[in-house]
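Protein sequences appear in the order of chains R and H.
Taking UniProt numbering, I'd label the letters of the first sequence as residues 1 to 411.
Taking UniProt numbering, I'd label the letters of the second sequence as residues 1 to 411.
Be careful, since some hints might not be right.
For chains that are exact copies, the list does not tell them apart, and a pair is met inside one copy or across any two.
What the hints assert, rightly or not - Only pairs whose alpha carbons sit at most 25 Å apart, straight line, appear in this in silico SDA-like list of lysine to any residue:
#1 Lys83 with Asn113
#2 Lys336 with Ile310
#3 Lys154 with Thr180
#4 Lys93 with Asn231
#5 Lys27 with Asn213
#6 Lys116 with Tyr104
#7 Lys27 with Pro153
#8 Lys122 with His386
It should be emphasised that the hints constitute simulated quantities derived from the structure, not laboratory data.
Okay, here's what each chain looks like letter by letter:
Protein chains: 2
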Amino acid sequence: MNAEIISVGTEIILGDIVNTNATYLAKELALLGIDVYYQSSVGDNEDRLINAFEEGLKRSDIIITTGGLGPTNDDITKEVACKVFNQKMEIDKNSLEKIEEFFYKLGIEMTENNKKQAYFPKGAIILKNKNGTAPGAILKKDNKYIIILPGPPKEMKLMFEDEVKPYLKDMSNEILVSRTLKLFGIGEAVLESKIIDIINEQNNPTIAPYISNMELRLRITAKSDNEENANNMIEPIIEKIKDRVGKFIYAQDNISMETVVSKMLIEKKLTISTAESCTGGLVSATLINYPGISSVFMEGCVTYSNESKINRLGVNPNTLEEYGAVSEETAREMAKGIAKNFNTNVAISTTGIAGPEGGTSDKPVGLVYIGIYINGKTTVNKYILHGNREEIRLRATKNALNDLRLRLLEL
Amino acid sequence: MNAEIISVGTEIILGDIVNTNATYLAKELALLGIDVYYQSSVGDNEDRLINAFEEGLKRSDIIITTGGLGPTNDDITKEVACKVFNQKMEIDKNSLEKIEEFFYKLGIEMTENNKKQAYFPKGAIILKNKNGTAPGAILKKDNKYIIILPGPPKEMKLMFEDEVKPYLKDMSNEILVSRTLKLFGIGEAVLESKIIDIINEQNNPTIAPYISNMELRLRITAKSDNEENANNMIEPIIEKIKDRVGKFIYAQDNISMETVVSKMLIEKKLTISTAESCTGGLVSATLINYPGISSVFMEGCVTYSNESKINRLGVNPNTLEEYGAVSEETAREMAKGIAKNFNTNVAISTTGIAGPEGGTSDKPVGLVYIGIYINGKTTVNKYILHGNREEIRLRATKNALNDLRLRLLEL
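Starting from the given sequences, assemble the full structure and let the hints guide the process.
Have a look at this one:
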């Protein structure tokens with residue numbers, strides 16, 4: 001069974017709002033085992049909406065629409081859907097009462113045009129709107145379905161959760177389970193070349209690499225009649241992949257890099273401090289995203305100037321003189337220095353050229369040195385990162401945390 | 001002239017990522033006076049992509065695609081577009097060199113499948129990718145255009161800005177000019193109530209308030225045959241609005257809060273240091289987004305623990321004892337302390353409860369105190385911010401910079 005999502009609204013077509021409804025519905029439908037092959041967006045225009053419905057009904061069993069259920073004349077989704085299915089609308093007393101009640105509760109007087117929201121074709125399943133006035137509906141004709149949902153995400157999601165999901169579950173006999181591996185330190189092409197045979201070996205589960213938030217992800221998706229079977233199909237694939245590229249996989253699903261690193265520090269009872277130049281506080285700020293970090297995070301320093309590197313971290317002026325602020329040696333002394341000054345087991349240091357100015361032929365924009373100190377041993381990695389100033393600093397931060405993760409794995 | 005946007009990628013169809021590319025392109029095209037009537041999304045599937053192209057070409061002059069230009073086998077957008085236009089691809093030496101250079105710079109080995117990205121049909125306009133490896137292209141056949149752009153927003157946007165926009169400008173005869181006022185410290189409803197008469201007065205320019213990146217924006221858009229006329233229509237409106245809510249407007253268009261504040265500091269020759277608790281380095285990291293900041297930014301401290309507040313900032317232990325770490329008094333001593341220790345004219349301090357744990361009835365999650373020290377005078381503002389841990393810390397950072405801006409305006 002397959003479905004298609006039509007988002008209705010001129011505000012989407014003009015780019016005034018981001019269409020998060022389609023993303024939400026696509027994910028929910030995938031998890032219900034309902035294939036979504038097309039999503040589309042059209043404005044509040046009858047001809048184009050009819051066109052979208054007719055195209056959609058040719059290729060899909062179910063069309064789910066969001067938006068265009070408001071009280072004003074430019075809200076036409078329900079009317080157009082009925083036209084396409086050639087179904088007449090009549091007032092639904094029950095819905096009308098609920099709308100009147102909604103306004104009464106808010107102490108707002110209900111205007112005539114709100115009544116429009118209480119009209120539905122005979123035999124339609126009417127979907128309650130607990131967060132607004134516009135009810136939704138499920139229309140059916142010759143094994144084709146049009147499911148009409150409101151546009152405001154708060155109203156749409158609750159309606160889908162409460163009424164549409166259970167309805168679709170009964171229709172679908174398959175579910176999709178998806179697991180995501182989060183990788184760092186390997187490129188998309190290299191990854192694929194290392195696991196291409198595994199990818200090509202089978203189509204259930206499917207394996208798809210993609211980039212999200214400047215990181216590489218690998219999604220393994222299994223289709224089955226129940227969750228346990230699906231997971232049993234996914235597990236061996238994950239193991240296979242781990243054998244090939246395990247050290248690049250830092251987490252699964254929704255676990256963040258800072259969560260992984262913070263948990264390792266807490267578990268190993270290692271205190272940490274940070275000395276940041278080019279990242280300017282992003283490393284500490286990212287670590288502190290993890291609520292439990294306070295037990296091990298002692299202090300962070302943003303030593304942007306040479307003076308502060310000398311005064312706060314005890315970097316040797318000669319080192320800065322001889323090798324420069326952006327150098328392996330300086331990164332090393334920064335990491336050692338802050339660990340010593342703040343008396344922590346672990347320290348991270350960053351120094352680099354984020355640009356746009358300040359690059360030279362031997363020290364280009366994007367050059368970043370990251371130092372990791374753990375119980376007396378300091379290692380420094382050199383990176384050439386691409387992107388604008390902000391991206392270079394974000395990538396430097398991600399690399400710093402990943403470098404720390406790899407060092408902690410050795411313990 | 002009308003265009004339509006096709007977003008290609010299974011990650012969109014499965015709801016793994018939000019499709020912000022379509023939103024960006026829709027907005028940009030509207031500003032170019034090019035009508036967009038349809039947006040659609042399809043997975044990396046040849047038949048369905050062909051179907052989407054053919055449907056689109058029936059009803060639109062221009063099709064713009066994003067995604068599916070990667071090096072892997074499931075990236076097929078360019079190949080399918082050429083098939084639809086019946087155009088043969090051949091290797092473009094110039095693009096190949098650029099891709100090889102990209103990998104060389106990063107010191108990463110280039111794999112065979114990256115070469116795929118250098119193939120284009122004869123006569124196509126090849127679009128440089130300054131942020132990645134995959135070049136885009138403009139294909140033309142019998143007055144129909146297919147414009148192929150990469151999926152990663154950073155790559156797509158830069159390519160559109162630099163090469164596609166000028167190209168489309170030449171094709172369109174009417175233009176929309178849009179200016180954006182960025183506001184902080186005022187709510188959407190209050191803003192609208194203050195300028196509703198100006199909004200209703202006219203429809204060209206139009207005035208639209210909206211929320212972006214947790215901030216309030218006001219977009220003024222004029223339609224005209226040339227840019228100068230459009231700007232002359234917009235200017236008086238902006239002046240009118242400034243008369244009403246001027247102090248909440250911190251910048252126009254693409255100027256960031258950190259740019260505004262940094263420029264004020266540099267212009268007034270004021271050095272700055274930061275002492276952060278709940279924001280954990282976000283304030284310094286945000287300031288350092290501005291490249292020129294190094295001349296005034298002396299040092300930042302992430303004093304997450306009480307000890308560090310005492311040792312590094314000289315906060316009085318009794319103050320922490322009596323009022324707690326999250327208090328007006330502590331914020332005040334933190335700001336004073338860091339300004340004194342690091343000998344700067346200006347200092348920012350933040351202390352608060354970002355949650356999810358740690359809230360009490362009198363000190364709830366979201367309570368944040370922000371201290372601003374300028375040449376001896378310290379002021380502290382109290383905020384109750386909403387959202388999750390990350391949002392509270394981001395809002396605290398934005399408020400800290402805005403508080404500083406307002407203090408600097410008084411000088």
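Exercise for the section: Give me the numbers of the hints this structure contradicts, sorted from smallest to largest. Expected result: Numbers 4, 8 - these are the hints that the structure violates, sorted from lowest upward.
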